[in-house]
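Enquirer: Here's the letter readout for the chains.
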Amino acid sequence: MKKILLIIPAYNEQYNILDTVTSITKSKLKNKVDYIVINDGSKDKTGLICDENNINHIDLIHNLGIGGAVQTGYKYAVNNDYDIAVQFDGDGQHDINYVEKIIDPIIKGKCNMCIGSRFILPNKEGFKSSKSRRVGIKVISAFIKIFTKNKIYDPTSGFRAVDKKVMLEFINEYPTEYPEPISTVMLLKMKYEISEVPVMMHHRKEGESSIHTWKSVYYMINVLLSILITSIRRY
Amino acid sequence: MISESLRLVSLLFLLVIILIVTFFVRKHRITIKYSLIWYFCTIVLLLFVVFPPILVWLTKMLGIQVASNLLFLLVIAFLFIVTISLTIIVSNQKEQIKLLIQEISILKEKVKNENKFK
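Top to bottom, those sequences are chains A and B. Anchor point for the first sequence: position 12 equals 11 in numbering that gives the first Met the number 0, and the numbering is continuous, going up by one each time. Anchor point for the second sequence: position 32 equals 31 in numbering that gives the first Met the number 0, and the numbering is continuous, going up by one each time.
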């Protein structure tokens, strides 16, 4: 039996974190799944709620941003000898019932990372983000295709599972900014296999996504430049 | 040629920079390692100002019209070197701080869990 860990980064998620963790502990999956919440120096009561409800969590002593938080999760996974780590958002966007679908290709050894994708067939339903964001994701996807020759349909999805080899890469180097698309490019450069499986996502329950509309142009320029720079880096 | 007044101003300017850097190095506010780049840059510039023939020769070699232009170019080049090296240092430190935060946080969680079972 493979040891599986869900890594749940949480920054100011006091209204969502308990629901997310309850959905995990109450789920009836075939595989036994552990979880760890990484409280990324939240300014609200996220840490307190984790303490009171005996939620397995690490409090980062200072805010690191999503990349640093997730990397802490990978370090925890390696320290505790997990075989598969799944990144799972603390804001209620991701559905625990898709975890088995995402880890399946990795258990079978078909790939090193498997992304839960909103944009591959047969996936007609579910929350697919706003129109403008879909266009943005398409551009990022096209950019990755140009620089790595691989088509990744949902490179910004934070719902992804990785095997031990990738975990060991991630504890050494994990991008702090825009970690989802950048880590994807990084792995492709390192010649790891990445596949995608269709998943449905929910709307965010509370709070705002970390990508604000007025910042989206800035975000796009940064991500595209970062992809370019990552693709010329030596690994 | 380079005018005497520009020579004098440059000389004073460089000496002030060297004095400031030395002041902070003596007070242990700048580490020896990071003061070196400042000494290196200012001393090279000082050479050109104290011995103008070197500057004039280099100006002709590079096809620059006025020697003072080369002096400004050198100053800008050295500022680039200093800022790029600062960027490298900041990147390094960011990585180190991140590592510290992560490891301490993981340790704290471990200690907390061990105390629970006691």
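No lab work stands behind these hints, which were simulated from the structure alone. Think of the CB as a built atom: it goes at the ideal place given N, C-alpha and C, for glycine as much as any other residue. Mixed in with the good hints, there may be bad ones.
Incomplete in silico selection of chain B near chain A, CB under 8 Å [unchecked claim]:
1. K97
2. I103
3. S104
4. I105
5. E108
6. V110
7. N114
Enquirer: Provide an ascending list of the numbers of those earlier hints which the structure does not satisfy.
Expert: 6 and 7
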